[in-house]
Every structure is written in C-alpha cells, then in structure tokens.
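Protein chains in written order, with this note's numbering: chain A, 6 to 282; chain B, 821 to 1064.
Keep in mind the hints are simulated off the structure, nothing from the lab.
Computed from a prediction, not measured in an experiment: that's the story for all the values here.
Each residue gets a CB set at the ideal place from its N, CA and C atoms; glycine is no exception.
Some clues are possibly wrong.
[Said to hold, decoys possible] Derived Cβ-Cβ restraints for the label pairs, each shown as a range:
1. A:Asp122 / B:Gly1032: 44 to 52 Å
2. B:Trp1008 / A:Gly106: 44 to 52 Å
3. B:Lys976 / A:Gly106: 18 to 26 Å
4. A:His93 / B:Gly1032: 48 to 56 Å
5. B:Gly1032 / A:Asn85: 55 to 63 Å
6. B:Ile1050 / A:Gly106: 29 to 37 Å
7. B:Met982 / A:Pro124: 51 to 59 Å
8. B:Trp1008 / A:His93: 48 to 56 Å
9. B:Ile944 / A:Ser201: 58 to 66 Å
10. B:Met982 / A:Glu137: 22 to 30 Å
11. A:Thr249 / B:Ile1050: 57 to 65 Å
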Amino acid sequence: MILPRDFSIYMTTDIITVNNLTKKFNGFTAVNNISFTVKKKEVFAFLGPNGAGKTTTIQMLITLLKPTRGEAFIDSFSINHNPEEIRHVIGYVPQMVSVDGTLTAYENLMLMAKLYDIPSKERDKRINEVLEFLELEELSKALVRKFSGGMIRKLEIGQAILHRPPVLFLDEPTSGLDPVARRHIWKHLFELRDTSETTIFFTTHYMEEAEEECDRIAIMHSGNIAAIGTVPELKQKTKSPHATLEDAFIFFTGANLQEGGNLRDVKRARATERRRH
Amino acid sequence: MAEVEVRKLLHDPTELITRAVQPILWLGIFGEALSKVKAIPTNGYTYLQFITPGILTQSVTFIAIFYGLSIIWERDMGILQKLLVTPTPRLALVWGKMISAGIRGLTQAVIVFIFAFILQIHLILTLPTMTGVVLIIMLGAGFFSGLSMIIASIVKTRERFMGIGQVITLPLFFASNAIYPITIMPPWLQFVARINPLSYMVEGLRALLVTGNTSQLPFDVIILLVVTFIISFISAYMYPKVVV
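This is chain A alone, in the form it adopts within the complex (with noise of 0.2 Å):
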C-alpha cells in the first residue's frame, strides 16, 4: 500500500501508524500481529514483562529489525521502503549502556553530532545547548567512565535529541535509577515534548512510570497487544470501582508483571540494572 507522503491526516495527528507488525525468530513468536497508531506530541508507553515483544517492537519501528509481516509508518514514511528517511526524524535511547566510557560527555556529544550530519558550524552551539538543557554543562569535559547512573542516562537522552528529532524512542529508560534520578529525566523529557513537540515513545516494566508519566499506554503480553487506552479507561474496563493500573494488568493479561522473559531477557535487564550502580 502505497500512501502519497503529504497525506494530511497523517501529518497533524498520528506520527507513528502501525499495521500488522509481526516478528517471527525461527519460529517463535515475538510480536505478533499488533497495529496502534500514537498521535504527535502524545508521551505513549508500552507497559509489559521482560520478554514481552517490546524491545523487538521497537527495534522495528527505529530500522534495526526488519519485520517478518506487516507494516509501520513513522512521520509518513514506511519502515520497510523508507527506512534512511526515518532514521533522520527519530531519536533512540537504547535500554544498555550506551555511552563511550572512554571518552568525555562533550566527545560523546560530538561523535552523535557528526553521525547525525549536523554541519560542523551547529555543532558546538548545539551540543552546548543540549547539554545546558539537561543540566549537564560541568560536566561537559569530564570523562563519562565517572558518572553516575543517571547522568549518563541524561547524556543518552542529549545524544538523541541533538539532531531535533519529531519522534524519540526509549527502551526503558529509567530501569535501575533511583526515585529521584527518575523524576528528574522525566522532568526533562516533558520539557522537551513541551518546547520542542517531540512525541515520546517508551517501553517500560514499571507500573507506576506507565501510571504518572504517559497519556496513553499499550499493555503488552507474550508478543500480543492485551489492551490499549489511557489510565482512566483501561481502569474503568476492570468494572472496579478503585482499579489499579496493576489490576487492570492483571485483568487483560491473566498474567503477572514479574514473570516472563527468557535467560536471554533476563540477563539484559539485570545488566543495565547493574550497569546504573
């Protein structure tokens, strides 16, 4: 199916479309069949266990998988035929560590400025700007082998949005911070959806970040999407009258926040967790 670019509807109101997305590996089912859609500065998160499609999804939609079935559009343009163009309208903060221990924040900055094909006049007025953005500036010449967990959380988060991206991804992005470092990225993040209408889309096992932080969710169990609202209805659905967010889980699911996830899962979450102490 082929969309003429410039098909308004798609401009002013849903910025990722998903039809159909299926990934199968060597015959297990990672994502299966699932189609939402998520709308132009909306804070949308997909909730679910370790090992429940999410990483997968979104490995998808930012063009490092490609599916086995089904399509996705990201600011118009499709993942399977345009998939240079996406990379240069989103931002991706990846669930590890992805930082270059071995060189400073300022470095690291750079090195994403160049990727990004900023020209080399911007640059430095841009890596300064984000850094001043994030609270970061001190610590622009410092080695990033030094930091905490959730400043190198915060210089990820600058690597991504250096380029102004319309679209940011992040793969859990506040697994293993403290209540504190959390409430401060996600302090920032609002701040960047409000100034610079950047949607943000994130994945995340935590109940209460899916809670506070998003308009909408997308529960998400097993490759499947269970169900999808925003707080208030997926609650309501429950029929009852003090719901929480993990009842209604439960509810759509029939299954259990902690379980799920194979070694393979299970060693990345536990990585990054030990990675941020």
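Using the hints provided, position chain B relative to the given structure of chain A.
Chain B only, in chain A's frame:
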C-alpha cells in the same frame, strides 16, 4: 569514527604498549635465533631484514583482526544499536572502523621501526617508502578488520569470536611469505600463500623497506585495494546482523 579512536587512544595509551610486546619478541628472539641458523635463503639480505616486514605485517594483522571484536563489545553496550540508527550509511561506519584499525596498525609500525633501529637492522626509510608503507598498512588493516567484522557478525558472542580469531591468525601468518620465502614451501602451501592477502602485504612492505625492488609493488597494492573494497561491502551488509 576514526577520530573517535584516536581520541580514545590519547586518553588511554596503555593499550599501545601492551600490543608492542609481540613484535618485539618475534624480532628480538626468534629473528636473532634463526638468523644464526642460516637455513633460510634470503637473497643477500640478512634474515632479520627479511622477516621485519613479515613481523610488521603480522602485528598489524593481529591488531586488525581483534579490532573487529570491538563491534561485539559495542553490541553488548548498546552503542552499536545507536550507530545503526543514525542516518550514516553502514558502509561509512565500516570504513571508519577500517581506518581506525589502520591507525592502530601504524602505531605498530613506528614501534617496529624503533626496535629495528635498536637491533641495527638496515631498512630503507625514506619519504616515498614511508608513504608506501602507510598505504599498505592501511589497506591490509582495512582488509583484516573487515574480515573480522564479518566473522563477528556471524558468531555474535565474544567467546566464539576469540576461538575463531586465534584459529585464523597463526595459520594465516605461517601460510605466507612472512618468515620464509614462498620458494621453499611445498606446492600446496605455495598455493595457500598466493591467495593469502597477508603475502601481498609482506611482499609490498619488503619491496619498500628492504630490497628496493618495486616491480611487483603496483600489483600488490591493487590486489589489496580490490579485496579490501569488496570486503567492506560484505561487511557493511552484515553489520546489522550483530544486533540480534
């Protein structure tokens, strides 16, 4: 990308020193020992002169092959994912890595030359030959780092890579004209040596540094250029496979 590597080395040069040990051992111990034996015909040059280009090639190759491992480290670190999500084409990322491998190789060259000077091994060190040496080292390092990136994309884990890396490096070295001329090899080994890019590197370096006989040089360089070029395309194609 190459710039990043240089900065990294500047921040922490200890790695350069640890890597220097091997060629020093080869030249100093093996080279000295075998030169007394005089069992290997080296056409009027001393054995040490003969093997210096070979040792240099070996250390550059060794570094380049284990440099490919870095893309697995990066995968473990999420950095690889970030790199692949930028608009920068995969081929550019690969070339960047090849150039960095080349730069590391060049530092080895400096160390080997210093050591050769200490051992009083006579080499032709002029501006033209140095230019040639730089070119050959960059191409050779490029080829072998590309090769190891391909291997890394296939095996995906550090442990498996280490095993394969070891299995490849030493046979490549012995099945080449690095420490003995092709003429003394049995025919089957000669065949292997002729399709081994390492031999072309050694031949080129030897021509520049020792014999001054540059008749084969353009041929050697072209071969290295072509294989490195081809392998960079394959490497770029395989790069994203490391992610999963």
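Hint-by-hint comparison with the structure:
Separated by about 45 Å at the C-beta atoms, A:Asp122 and B:Gly1032 satisfy the suggested range of 44 to 52 Å. Range check, B:Trp1008 to A:Gly106: about 48 Å between beta-carbon atoms, so the 44 to 52 Å window is met. About 22 Å separates the C-beta atoms of B:Lys976 and A:Gly106, a value consistent with the hinted range of 18 to 26 Å. Taken as a hint, the range 48 to 56 Å holds for the pair A:His93 and B:Gly1032, whose Cβ atoms sit roughly 52 Å apart.
Distance hint check for B:Gly1032 and A:Asn85: the Cβ-Cβ separation is about 57 Å, which falls inside the suggested range of 55 to 63 Å. Between B:Ile1050 and A:Gly106 the CB atoms are about 35 Å apart, so this pair conforms to the stated range of 29 to 37 Å. In this structure the hint that B:Met982 and A:Pro124 lie 51 to 59 Å apart at CB is violated, the actual value being about 41 Å. Distance hint for B:Trp1008 and A:His93: a CB-CB separation of about 53 Å, consistent with the stated range 48 to 56 Å.
For B:Ile944 and A:Ser201, the hinted distance range of 58 to 66 Å is satisfied, since their beta carbons lie about 60 Å from each other. One distance hint, 22 to 30 Å for the beta-carbon pair B:Met982 and A:Glu137, is violated here, with the actual separation near 43 Å. Taken as a hint, the range 57 to 65 Å holds for the pair A:Thr249 and B:Ile1050, whose Cβ atoms sit roughly 59 Å apart.
Violated hints, listed in ascending order, are 7, 10; each of the other numbered hints is respected by the structure.
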